[in-house]
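Colleague: For reference, the chains in residue letters:
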Amino acid sequence: MIDAEWLYWLCGLFFLVGAGFSYRRAQYGGAAFWALLGLSFCYSTFVVHKTAAAWPLGVAVIVIAGLAGFGALGKAEIATTSQAERINAANVLRGKLFVPALMIPLVALIFGTMLASVTVGGKPLLASGTATLTGLGVGAIVAGVVGLVMLRPAGGLKLSLPLTEGTRLLHSIGWAVVLPQMLAVLGLVFATSGVGTAVGTIVSGVLPKGSLLLAVIVYCLGMALFTIIMGNAFAAFPVMTAAVGWPVLIQGFHGNPAIVFAVGMLAGFCGTLCTPMAANFNIVPAVLLEMKDRYGPIKAQLPTAGPLLVCNIAIMYLMGF
Amino acid sequence: MVVLIGVALVVLGFALRLNPMLVVTVSGIVTALLGGLNPVAILDTFGTGFASNRSVTIYVITLPAIGLLERYGLQQQAARLIGKLRALTTGRLLAAYMLIRQGTSALGLTGMCGPAQTVRPLISPMALAAALRRHGELSDAQIERVKAFSASSDTVGLFFGEDIFLAVGSILLITSLVDSTYHLKLDPLQIAVWAIPTAVCAYLIHGARLLWLDRTLARTTVEVAAR
Chain A
184 MIDAEWLYWL CGLFFLVGAG FSYRRAQYGG AAFWALLGLS FCYSTFVVHK
234 TAAAWPLGVA VIVIAGLAGF GALGKAEIAT TSQAERINAA NVLRGKLFVP
284 ALMIPLVALI FGTMLASVTV GGKPLLASGT ATLTGLGVGA IVAGVVGLVM
334 LRPAGGLKLS LPLTEGTRLL HSIGWAVVLP QMLAVLGLVF ATSGVGTAVG
384 TIVSGVLPKG SLLLAVIVYC LGMALFTIIM GNAFAAFPVM TAAVGWPVLI
434 QGFHGNPAIV FAVGMLAGFC GTLCTPMAAN FNIVPAVLLE MKDRYGPIKA
484 QLPTAGPLLV CNIAIMYLMG F
Chain B
46 MVVLIGVALV VLGFALRLNP MLVVTVSGIV TALLGGLNPV AILDTFGTGF
96 ASNRSVTIYV ITLPAIGLLE RYGLQQQAAR LIGKLRALTT GRLLAAYMLI
146 RQGTSALGLT GMCGPAQTVR PLISPMALAA ALRRHGELSD AQIERVKAFS
196 ASSDTVGLFF GEDIFLAVGS ILLITSLVDS TYHLKLDPLQ IAVWAIPTAV
246 CAYLIHGARL LWLDRTLART TVEVAAR
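Protein chains in written order, with our numbering: chain A, 184 to 504; chain B, 46 to 272.
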């Protein structure tokens, strides 16, 4: 049975490459961050298999967060091609450029739909819930190889090229690369600490018993409102799911988890459209377009966000239960 | 009930725009302490949480391939294709761009278009030029309106397209969080499929409003001319 562990090791190694780039530029804070992140990805395998203690990893995670939080990463641009060189390359390659890019979703889809149910000797070939992830990893590798062969960079097929360009993107994302994972950790901490039960008690006191529609509205509206306040639907998700999504909608009303959670997240996205807190999506474009009114994009999005939130409530209510 | 102070800390921390990594870590530790966990148990929870939620970060595996393609002009090729929309009216141009943005995001190519890559250099100037061609001199309010809708066609397209792609942060966050916390076994594909109905609604609602922009521009131009 193939699980996703090899893929996590590959990610870990990629982070270590990123650490190497930082180290060569004498950015020791960044080097420490990426190295610790890479090692944690590999060490995690033993934690999952319960062959190593989890607490050292907990220490590492808090150090990683500290390095990110106190700005130890620094900023550095990795050299790449110029705008003019890119236009020239695009003139030659044209539509070919999209072929490797499309390999990633295509291979992931093949794994997720066809190979997910393949069994070898009575056992599933791919571990439950990991088929699409495995496909994504294979797809990314296929895309890299096809890209290298197809683009035939001058100077031969150098493996260092995708690694350098990948690290350039990795460093430009910076610590935000692990923020979603940290928010998922927070979700687990909330659940372990009893946040769900606490909010559940409040909600069951407020919600009239047995009103599914009202519960769906509370979940979707809560996702949107928390997202407006925090500027981030990812941060709202663990909170609202621990409070209403899991205890009320899934356990209480036996909803379909895939639909409830997918649509719940999208209800949060409606909130993102309305909030200046999500500055990179709503304020930065106004600045880029040299608009007089920084809130112009938000004002253009509000009349879409409202009806769309109603759509999400309807979709969840009608299809999720 | 006291554990809810930890939740309030997250909300407060994000609202005050403190560094999110610190907000998450500190409120996690505070919540766990209030929930009666001892320090070793807290570290264990952080450790097992990190280990079981690695799939959230797995999208980084696509960066080398995407970076390589960017090196050879992926964004520039996209820009060339978008330039072919030049002949359309403002509303139709933006509706067409939103479809491209939503479609490419659904295929995982979220970095191919964007406010810096396509909206500022291409979409906004093209939308303004189309409005000028059709309605003549534009008032400041009309210019602002066209720019605002240019930005929104990108943002709405991205938000409600990317969730159809399996390996985007939000999908992986959902599967990973509920699998590790509530012991379900959800595949990212199951979640992604259920992003499609909302994606269709988003395109219909915002697309209609983009098309309506042509009428609004015509009406406001007449009003200005009448004065």
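Bear in mind the hints are in silico, worked out from the structure with no lab data behind them. Remember, predicted model here, so these are calculated numbers, not experimental data. Be aware that one or more of the hints could be misleading.
Only part of the chain A face toward chain B is listed, based on derived beta-carbon distances under 7 Å [said to hold, decoys possible]:
1) Val-200
2) Gly-203
3) Ala-209
4) Ser-227
5) Ala-251
6) Val-282
7) Ile-293
8) Gly-295
9) Gly-320
10) Val-321
11) Leu-404
12) Ile-466
13) Val-470
14) Gly-489
15) Cys-494
16) Ile-496
Reference listing, derived: stretches of chain A covered by chain B, where coverage requires no fewer than 3 residues with Cβ under 8 Å from a Cβ of chain B [stated by the list, open to error]:
17) 211-217
18) 228-237
19) 299-310
20) 360-370
21) 387-397
Even for Gly, the Cβ is constructed at its ideal location relative to N, Cα and C.
Colleague: Hints broken by the structure, by number, lowest first?
Modeller: 1, 2, 3, 6, 7, 10, 11, 12, 13, 14, 16, 17, 19 and 21
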